[in-house]
Amino acid sequence: MGKRWKWAVSLALCLVVLASFPHLSGASGAQREGSISIYYGVKAGDTLYGISKKHYLTGDFERVAKLNGWDPKAKLKAGAQLKLNNPLIFDQYTVKKGDTLYGIAGKYFSRGNYISIMMQYNGMTGTKDLKAGMTLRIPLPSGETKHKVKAGETLFSISLDYYKLADYQGAIGKANGIKDAAGSIKIGQTLQIPNPFYAE
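Count the sequence shown with mature numbering (1 follows the signal peptide of the UniProt record, and there is no 0) and you get residues -25 to -1, 1 to 175, in order.
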């Protein structure tokens, strides 16, 4: 019972973390397995074009408008939630005093977030969807692998085999031209936080 309780508390904490911006979600909208979505909280002055440039590195704002059922020419309302399917970039992060690449990676790619990503990647709505014998698609920064679920395994136990925070530190470094894993970053520097699971 103790392990189940700890797992429930961990999952609840994970959901609280995912409520922050930008958060990962598969709650609504058309989405294929093998990709993930984030929700973006619209701020005053935002435009669909600017959001498209930030997250897709293109000005294809009509794609974003269509996904959300919005008029591409309409003005955005601050506070609205905008769904972004399979973005190239999750977020932009401004480096603060005391930040390290490893610490920044932990903010975006914690184990709890990774478990939620695995669920979304496999079209799962809850832990009850995990069944012995099923084959999970495991998203990794180096590409996808497969895992056949054994009796008694949980998403948490499976994540122990695949989740390595250093991999995400490396992905952030690579996206920002930082060659050294411990790479030097400067206060005020803006880092692109890439989607390491981008499905081409």
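It is worth saying that the hints were derived from the structure and are not from the lab. Some hints here could point you the wrong way.
Unchecked claim - In silico SDA-like links for lysine to any residue, alpha-carbon gap of 25 Å or less:
id: 1; residue 1: LYS139; residue 2: ILE90
id: 2; residue 1: LYS125; residue 2: ASP104
id: 3; residue 1: LYS103; residue 2: ALA80
id: 4; residue 1: LYS106; residue 2: LYS82
id: 5; residue 1: LYS29; residue 2: SER159
id: 6; residue 1: LYS71; residue 2: TYR14
id: 7; residue 1: LYS41; residue 2: ILE160
id: 8; residue 1: LYS58; residue 2: ALA40
id: 9; residue 1: LYS154; residue 2: ALA40
id: 10; residue 1: LYS41; residue 2: LYS71
id: 11; residue 1: LYS121; residue 2: SER159
id: 12; residue 1: LYS28; residue 2: GLY163
id: 13; residue 1: LYS149; residue 2: ASP136
id: 14; residue 1: LYS28; residue 2: THR102
id: 15; residue 1: LYS41; residue 2: VAL70
id: 16; residue 1: LYS123; residue 2: ASP155
id: 17; residue 1: LYS48; residue 2: LYS71
id: 18; residue 1: LYS154; residue 2: LYS106
id: 19; residue 1: LYS125; residue 2: THR100
id: 20; residue 1: LYS139; residue 2: ASP46
id: 21; residue 1: LYS149; residue 2: SER85
id: 22; residue 1: LYS121; residue 2: ASN60
id: 23; residue 1: LYS29; residue 2: GLY16
id: 24; residue 1: LYS18; residue 2: ASP46
id: 25; residue 1: LYS48; residue 2: VAL70
id: 26; residue 1: LYS58; residue 2: GLY73
id: 27; residue 1: LYS58; residue 2: THR75
id: 28; residue 1: LYS29; residue 2: TYR173
id: 29; residue 1: LYS149; residue 2: ALA40
id: 30; residue 1: LYS161; residue 2: LEU135
id: 31; residue 1: LYS106; residue 2: LEU135
id: 32; residue 1: LYS18; residue 2: PRO47
id: 33; residue 1: LYS121; residue 2: ASP136
id: 34; residue 1: LYS72; residue 2: ASN60
id: 35; residue 1: LYS29; residue 2: ALA19
id: 36; residue 1: LYS121; residue 2: LYS154
id: 37; residue 1: LYS18; residue 2: VAL70
Given the structure is predicted, the values throughout are model-derived calculations rather than measurements.
These are the hints, each one checked on the structure:
1. Under the criterion of a C-alpha separation no larger than 25 Å, the hint pairing LYS139 with ILE90 is consistent with the structure, at around 12 Å.
2. A hinted pair counts as satisfied when its Cα atoms are at most 25 Å apart, and LYS125 with ASP104 qualifies at roughly 14 Å.
3. As the CA atoms of LYS103 and ALA80 are separated by approximately 29 Å, the hinted pair breaks the 25 Å bound.
4. Using a Cα cut-off of 25 Å, the hinted pair LYS106 and LYS82 is violated, with the two alpha carbons roughly 30 Å apart.
5. Distance hint between LYS29 and SER159 is fulfilled; the C-alpha atoms sit about 23 Å from each other, no more than 25 Å.
6. Using a Cα cut-off of 25 Å, the hinted pair LYS71 and TYR14 holds, with the two alpha carbons roughly 24 Å apart.
7. In summary, the hint linking LYS41 to ILE160 is not supported, as the alpha carbons are separated by about 37 Å, beyond the 25 Å threshold.
8. Of the supplied pair hints, the one linking LYS58 and ALA40 holds, its CA atoms being roughly 9 Å apart against a limit of 25 Å.
9. Proposed proximity of LYS154 and ALA40 is contradicted: the alpha carbons are some 36 Å apart, above 25 Å.
10. Restraint check for LYS41 and LYS71: not satisfied, since their Cα atoms lie roughly 36 Å apart, outside the 25 Å limit.
11. Under the criterion of a C-alpha separation no larger than 25 Å, the hint pairing LYS121 with SER159 is inconsistent with the structure, at around 35 Å.
12. A threshold of 25 Å between alpha carbons decides the hint, and for LYS28 with GLY163 the separation of about 21 Å falls inside it, so the pair holds.
13. For the given pair, LYS149 sits about 23 Å from ASP136 by alpha-carbon distance, which is consistent with the 25 Å threshold.
14. Proposed proximity of LYS28 and THR102 is contradicted: the alpha carbons are some 35 Å apart, above 25 Å.
15. Taken as a hint, the LYS41 and VAL70 pair is broken in the structure, with Cα atoms around 33 Å apart against an allowance of 25 Å.
16. As the CA atoms of LYS123 and ASP155 are separated by approximately 35 Å, the hinted pair breaks the 25 Å bound.
17. For the proposed pair LYS48 and LYS71, the alpha carbon gap of about 36 Å is over 25 Å, so the pair is violated.
18. Distance hint between LYS154 and LYS106 is unfulfilled; the C-alpha atoms sit about 40 Å from each other, more than 25 Å.
19. A C-alpha spacing of about 20 Å is found between LYS125 and THR100, which places the hinted pair at or below 25 Å, so the restraint holds.
20. For a cut-off of 25 Å, the pair hint linking LYS139 to ASP46 is broken: about 41 Å separates their Cα positions.
21. Simply put, LYS149 and SER85 have alpha-carbon atoms about 19 Å apart, close enough for the 25 Å limit, and the pair holds.
22. At roughly 22 Å between alpha-carbon atoms, LYS121 and ASN60 fall within 25 Å of each other, so this suggested pair holds.
23. With a CA separation close to 13 Å, the supplied pair LYS29 and GLY16 stays within the 25 Å bound.
24. Taking the CA atoms of LYS18 and ASP46, the gap is about 18 Å. The hint holds against a cut of 25 Å.
25. Taking the CA atoms of LYS48 and VAL70, the gap is near 34 Å; set against the 25 Å cutoff, the hint is violated.
26. Distance restraint check for LYS58 and GLY73: the Cα-Cα separation of roughly 32 Å exceeds the 25 Å cut-off, and the hinted pair is therefore not satisfied.
27. About 29 Å separates the Cα atoms of LYS58 and THR75, which puts this hinted pair outside 25 Å; it is violated.
28. The suggested pairing of LYS29 with TYR173 holds, with an alpha-carbon distance near 15 Å, which does not exceed 25 Å.
29. Annotation: proposed proximity of LYS149 to ALA40 is violated, straight-line Cα distance about 30 Å (limit 25 Å).
30. Taking the CA atoms of LYS161 and LEU135, the gap is about 32 Å. The hint is violated against a cut of 25 Å.
31. With a CA separation close to 18 Å, the supplied pair LYS106 and LEU135 stays within the 25 Å bound.
32. Annotation: proposed proximity of LYS18 to PRO47 holds, straight-line Cα distance about 17 Å (limit 25 Å).
33. Using a Cα cut-off of 25 Å, the hinted pair LYS121 and ASP136 holds, with the two alpha carbons roughly 12 Å apart.
34. The suggested pairing of LYS72 with ASN60 is violated, with an alpha-carbon distance near 32 Å, which exceeds 25 Å.
35. The hinted pair formed by LYS29 and ALA19 meets the criterion: a straight-line CA distance of about 16 Å does not exceed 25 Å.
36. Between LYS121 and LYS154, the direct Cα distance comes to roughly 29 Å. Violation of the 25 Å bound is thereby established for this hinted pair.
37. Between LYS18 and VAL70 the alpha-carbon distance is near 20 Å, which keeps this suggested pair within the 25 Å criterion.
Violation of the numbered hints given earlier is confined to hints 3, 4, 7, 9, 10, 11, 14, 15, 16, 17, 18, 20, 25, 26, 27, 29, 30, 34, 36; the remaining hints are satisfied by the structure.
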